[in-house]
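**Q** One letter stands for each residue in the lines below.
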Amino acid sequence: MARHLLSAADLTRDEVLEILRTAASMHDVQRREVKKLPALRGRTVINLFFEDSTRTRSSFEIAGKWMSADTINITGKGSSASKGESLRDTVLTITAMAVDALVIRHSASGACHQVAEWVDASVINAGDGTHEHPTQALLDAYTMTQRLGDLEGRRVVIVGDLTHSRVFRSNLLLLKTLGADVTVVAPPTLMPSGAGPWSRQDGFALEQDLDDALFGGPPPDVVMMLRVQRERMSGGYFPTAREYTVGYGLTRPRLDRLRAANDDVLVMHPGPMNRGLEISAEAADSLNSVILDQVSAGVAVRMAVLYHLLVGTDGGSIEEGSA
Amino acid sequence: MAPDREVPKGHPVDPTGRVVLGPDEIARALRRIAHEILESNRGAADLVLLGIPSRGVALAQRLAALIEEVEGTQVPVGSLDITLHRDDLHRHPTRAPMRTVIPESGVDDKVVVLVDDVLYSGRTVRAALDALSDLGRPRAVRLAVLVDRGHRELPIRADHVGKNLPTSHSEKVQVRLQAHDGIEDSVRIAPGESHVGGR
Chain P
1 MARHLLSAAD LTRDEVLEIL RTAASMHDVQ RREVKKLPAL RGRTVINLFF EDSTRTRSSF
61 EIAGKWMSAD TINITGKGSS ASKGESLRDT VLTITAMAVD ALVIRHSASG ACHQVAEWVD
121 ASVINAGDGT HEHPTQALLD AYTMTQRLGD LEGRRVVIVG DLTHSRVFRS NLLLLKTLGA
181 DVTVVAPPTL MPSGAGPWSR QDGFALEQDL DDALFGGPPP DVVMMLRVQR ERMSGGYFPT
241 AREYTVGYGL TRPRLDRLRA ANDDVLVMHP GPMNRGLEIS AEAADSLNSV ILDQVSAGVA
301 VRMAVLYHLL VGTDGGSIEE GSA
Chain Y
324 MAPDREVPKG HPVDPTGRVV LGPDEIARAL RRIAHEILES NRGAADLVLL GIPSRGVALA
384 QRLAALIEEV EGTQVPVGSL DITLHRDDLH RHPTRAPMRT VIPESGVDDK VVVLVDDVLY
444 SGRTVRAALD ALSDLGRPRA VRLAVLVDRG HRELPIRADH VGKNLPTSHS EKVQVRLQAH
504 DGIEDSVRIA PGESHVGGR
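Top to bottom, those sequences are chains P and Y. The opening position of the first sequence corresponds to residue 1 in this note's numbering, with each subsequent residue numbered one higher. The opening position of the second sequence corresponds to residue 324 in this note's numbering, with each subsequent residue numbered one higher.
The hints are simulated quantities; they were obtained by calculation from the structure and are not laboratory data. In this text the structure is predicted, and so the values were computed from the model without any measurement. Accuracy of the hints is not assured; some may be wrong.
Partner residues are not named here, just some residues of chain P that face chain Y (Cβ under 8 Å, in silico) [stated by the list, open to error]:
#1 E18
#2 R21
#3 T22
#4 S25
#5 R32
#6 L37
#7 H308
Note that the Cβ used here is the ideal one computed from N, Cα and C, for glycine as well.
All chains, please: the whole structure from these sequences, using the hints.
**A** Structure (structure tokens):
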């Protein structure tokens, strides 16, 4: 596996499956009384978060600690970045202290790719602007495979903000790698120009009407609602919140209709949820919802990612030998 | 208990290898080990068999079946993956760890018998003892192996041994089990460097 995890597209199908298998073992550890593995003893992992985060940052921190790495959190606020230090100087200062991995969240798309060119440490993208969030896609894939098994040919409908969502971009790339059949629904104002050619190139279906996407074809196996990102929306992308809910929210009537078609449909959301906006409380708390499973998978998947990036030598397969 | 990762079926056997144990000898050795375990434990009470993946698990299941034949008691069987506890983790390419499965009854205050196919440097067993201590506190831990090939690098010995097999470092010991590899049970010695504490 490569040294960095910058994009979900960096991973081959075999690598994804290997990470998901490792995550399953890590998930077992999470249920034990002693949640500690010695695999990353003596390694240092820095979480460098220039944007707000609860679940991603805490799950990376817990993942590192349970693998016995020393993990240190640095946030944009309260670091030298707020005194005007450049990103380059900040990461070079930190890596000068001999760290093994940098987990980075930044508001600029491509920030992690840029950092990866400056440093020797492994760089893990924990969300860069509106670009990618590969570990979120991995934990979503893990949650789906735990319930559905192989994702080949499974129908996944992703609903929401196509323009700003990094979760969407990483999920799309990873789901295509795993052979899922992806339909994307977004209001026209949240669909970037060039979405048409993009969908043809990457092989996903594009819809502007949620009901057509959900009920027009075979019933979906997974419905993933994306968060309406108010912090990235300065303009008027839709007239009122109410209008968004009516057109693109997973409301109670839609959930009932979905369940009538497929009782086992999985409802997913990367969090944090805007209850009553993109997802109703009934949908979020229904038996079909795996939203808390996604959070729980977050730690196991990040342990698996740290393991594969930081342990072992590069390349080659393992020779079967004596025991 | 089904293996959770695709174990390549029918690992090729080295044609230059010579067979040192055939299916009948392996069956007899396992039967003797089952009796020894029962004898030293004075019955099957509180026994837990933990196989070290992957062939140790197949052996543990066979030992449990043999013990049940003799005592009429079902002994809980589990698997104990040691990948993350290895001391040479940073010297090999990574591989996904295999599942650790601990029986419902747990390991606290039990007599745990670790089961593996080949005992060599002892480093695998050292890792298994570490992994086990994270899972609970057994009353006692014993070690049963099909083959002891010598060359220990740590102060570790087996309680129950199917066959002592003097070898040199420049030889490989290959164990093949019907339940795991889909080919006839055998233990072979073939020329070729073995990985100490290998995989």
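**Q** If a hint holds in the structure, say so; if it doesn't, say that too.
**A** Structure-based check of each hint:
Restraint check, P/E18 versus chain Y: the minimum CB separation of about 5 Å is within 8 Å; hint holds. Interface hint status for P/R21: upheld, as the beta-carbon distance to the closest one in chain Y is roughly 4 Å, under 8 Å. The criterion of a C-beta within 8 Å of any C-beta in chain Y is met by P/T22, whose closest approach is roughly 4 Å, and the hint holds. Annotation: P/S25 was flagged as interfacial toward chain Y, and the flag holds, the nearest CB pair being 4 Å apart, inside 8 Å.
With its C-beta approaching chain Y no nearer than about 7 Å, P/R32 sits inside the 8 Å limit, and its interface hint holds. Interface hint at P/L37: satisfied, since its Cβ lies 5 Å from the closest Cβ of chain Y, which is below the 8 Å cut-off. A distance limit of 8 Å between C-beta atoms decides the matter here; for P/H308 the minimum to chain Y is near 5 Å, and the interface restraint holds.
The structure fails none of the hints (numbered hints given earlier).
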